[in-house]
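Undergrad: Here is what each chain is made of, one letter per residue.
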Amino acid sequence: MPDGTLRPAFQKYGDWMAEEDQARLRKKQREADDVFRLTGITFNVYGRSEAEERLIPFDIVPRIISGREWSRLSRGIEQRVRAINAFLYDIYHKQEIIRAGRLPISAIAQNDAFLPQMIGVSPPGGIYTHIVGIDLVRTGPDEFFVLEDNARTPSGVSYMLENRETMLQMFPELFSANRVKPVGHYPRSLRRSLAACAPSCATDTPTVAVLTPGIYNSAFFEHSFLADQMGAELVEGHDLRVVDGRVAMRTTQGYKPIDVLYRRVDDEYLDPLNFDPESALGIPGIMDVYRSGKITIANAPGTGIADDKAIYSYMPEIVEFYTGEKPLLPNVQTWRCSDPESLAYVLENLSELVVKEVHGSGGYGMLIGPTATKADLKKFRAKLKARPSNYIAQPTLALSTVPIFTRSGLAPRHVDLRPFVLVSPDGIEITPGGLTRVALKKGSLVVNSSQGGGTKDTWVLEE
Amino acid sequence: MLGKTAGGVYWMYRYLERAENTARMIETGQRIALTRTNAGEDEWASVLQSASVYDTYMAKHGEIRKELAIDWMLRDKDNGSSVMSCIGMARQNARLVRTALTHDVWEAVNGCYIRAQDMLARKVSERDLPESLTTLRQRTALVRGATHGTMLRNDIYDFARIGTFIERADNTGRILDVKYYVLLPTASSVGSRLDNVQWETILRSVSAEGGYRMNYGLNIRPRDIAQFLILDRRMPRSLAFCVSKLRDNLLYLSTDYGTRSPAHNKADKLCRRFISHDVDAIFDYGLHEYIQDILNAIGDLSRQIEIDYRFTE
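Just so you know, the sequences run in chain order W and P. Numbering follows the numbering used here, in which position 151 of the first sequence is assigned residue number 847; successive positions increment by one, without gaps. Numbering follows the numbering used here, in which position 164 of the second sequence is assigned residue number 144; successive positions increment by one, without gaps.
Isolated chain W (complex conformation) (with noise of 0.2 Å):
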């Protein structure tokens, strides 16, 4: 904290802390990096080479929560995916929201998020989201919000895992010395919780499989982890046609339907013959067995309207439309750029504020105003200008910090924190913690792991 003192959830692993050899620790962190290594933890750099492949850097020291802030923070992040659930029903059937003039039609209309293809279609079990993360800043002592719901094919769990089994090969006595809640059975759960939205002519032990868009992807780790783990087939679009009216996968005996195809593909590439005909990672007439509801496809194609950022600054009103109750987890103020007195303020303050394309992720294409070079505000004030509605804008907020390992002792960084969530008709399940991501440099606020950023075991403690 910034009177020196620690938080309480810190006090015993302070202890165990001070009472241990930097040298040691320096020996941990390389060891750590090579068991990374040999795992093959890795992930592949866009527009490198295809052979290169970089680990996420690891830190050492937990990132910890209590168990009291997790219960909070749970009740909220709850609240927002059934509201996020409730608001892609909504908007691809009556869109009452809209007709309630709680949301613009504008919001959706000029939207690419939006897929007109998803208009009118049920997915098996009602569940669109089946898998969320969220992410969460934080600004003081029980102040958390929300920077972004990811609601297409959210990344990084299996850095949550791995990062928990390095931690408990490494430090076994920290795990003895404070009650860590166990983040090991999230495989397991997503299995169930895929294999209940699994639709009706699935037998009772639905099959399941990871679509990839091969090995060159940057996650293909995770893909090909999360099918290990889930026991569930790796696919790619090549591997799949359309057989008698079922998705199928080919196998060594022939053509085998598939109940449940948990993707890791955006949506344009998923289906050359209704989105983008020149997508070679597709399966062409897979969305037509979408429609038929003889396939589950997870995250359901469309979520994306779900965590556009345009959308995202109406997000207060879209909770408490669905919900009845005033959201429990705040947005970052948000700017929309589409809106002429806004877009009047981002201009007069934009070395105060972050500019983020509406559609970018991974930390591509904004602006950081404090830190930006007077080209840069200038290239992005021509930018704004061209194109308002493709932009927003937010504060900088004062992010808290949390410790890291470096060559000099202990130092604080600035992080966010990615909870993972799973949806099925069964009820909601968060896996405590998440991913937290570090910015390793000092001062910086960008915590993408295509920009630098490294990755921390994330501790709740049982209360």
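Calculated directly from the structure, the hints in this document are not laboratory data. Hints may contain errors.
[As the list claims (entries may be wrong)] Far from chain W, by Cβ distances over 10 Å, these chain P residues were calculated:
id	residue
1	Leu(-18)
2	Arg16
3	Asp58
4	Arg107
5	Gly125
6	Arg213
7	Glu293
[Stated by the list, open to error] 20 Å max Cα-Cα, derived EDC-like pairs, lysine to aspartate or glutamate:
id	chain 1	residue 1	chain 2	residue 2
8	W	Lys1022	W	Glu1053
9	W	Lys952	P	Glu293
10	W	Lys952	P	Asp236
[Said to hold, decoys possible] Covered stretches of chain W, as calculated for chain P (at least 3 residues, CB under 8 Å):
id	region
11	715 to 724
12	833 to 839
We treat Cβ as the ideally placed atom computed from N, Cα and C, and that holds for glycine.
Since the structure of chain W is already known, use the hints to place chain P on it.
TA: What follows is chain P alone, placed relative to chain W:
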């Protein structure tokens, strides 16, 4: 299992086997060069031929030089059969089919790749060559050991074995194909100095020196080499051994899947070519024609396997 996964497992083990075979050829070449006082460039030409990389090597370098030959076979990226290329491809396929492998196998193959990358990042000096080659052989053996010790005996395992034995049979067949003329009975039974080098090269290239000695004693005779490498059922790199293992694993697949595949029939037919226990019959038929027949049949069988088990579409 997915057809693609079967193909990935099959190729992973083919490449591992090829990496090991190429490493062994380099070892053989180096050994001969060091122990024969007037061994020249010819031996390296013959090693390159046995590894089926002579033409591509000459296209790049145009002349035979020991360091160039070693580098080409060990780590040149332009040579798809160099040890480094093979280990890279084995690991690439392993990544693709990771869900079909045990943790032990994945870590062994990934560890092999990481070690090879470190070791082969730069040109390997003559002084470091023996250690590097030993390490590479140990690392590939570790993958095989982990496979043997941890993988379920199911269809995945069958495809791993099939890949291994197709590659191994092909390798032994190619060495015989390149060297058949030194094994012909018309050659002197005492053997010139040159023949002796050639015979030693053949035996070493398939790690058969010790096994041969155990069976035939110290006298190296071309007829016995041919008998040993073609027909011996105990020698794990003989053609007869590899082909019978191939047939066994195809039989397990047929039993498992409840249908007999065309590949299984082809393997049965191929096995019948080894029924004779006497190599003289093969010499009568014509050694070179026989080896080429077998190589063609192995190539045909591997294509049939890819079709029957739907590796690609």
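Undergrad: Indicate, hint by hint, whether the structure satisfies it.
TA: Status of each hint after checking the structure:
Annotated as non-interface, Leu(-18) (chain P) brings its C-beta within 10 Å of a C-beta of chain W; the closest such distance is 6 Å. The beta carbon of Arg16 (chain P) sits about 39 Å from the closest Cβ of chain W, which is more than 10 Å, so the claim that it is off the interface holds. Against the 10 Å criterion, Asp58 (chain P) stays outside the reach of chain W, whose nearest CB is about 15 Å from its own CB. For Arg107 (chain P), the non-interface assignment is confirmed: its Cβ lies about 27 Å from the closest Cβ of chain W, beyond the 10 Å cut-off.
With a closest Cβ-Cβ approach of about 17 Å to chain W, Gly125 (chain P) is found to remain outside the 10 Å limit, as its non-interface label requires. Listed as a non-interface residue, Arg213 (chain P) keeps its Cβ farther than 10 Å from every Cβ of chain W; the least gap is roughly 29 Å. The beta carbon of Glu293 (chain P) sits about 6 Å from the closest Cβ of chain W, which is not more than 10 Å, so the claim that it is off the interface is violated. Pair hint Lys1022 (chain W) plus Glu1053 (chain W) does not hold up; C-alpha atoms about 28 Å apart against a cutoff of 20 Å.
For the suggested pair Lys952 (chain W) and Glu293 (chain P), the alpha carbons sit about 15 Å apart, so the restraint of at most 20 Å is met. As the CA atoms of Lys952 (chain W) and Asp236 (chain P) are separated by approximately 17 Å, the hinted pair is consistent with the 20 Å bound. Beta-carbon proximity to chain P at under 8 Å applies to 0 residues in the region 715 to 724 of chain W; the threshold of 3 is not reached and the given coverage is violated. Coverage of the region 833 to 839 of chain W by chain P is violated in this model, with 0 residues showing a Cβ closer than 8 Å to a Cβ of that chain against a need of three.
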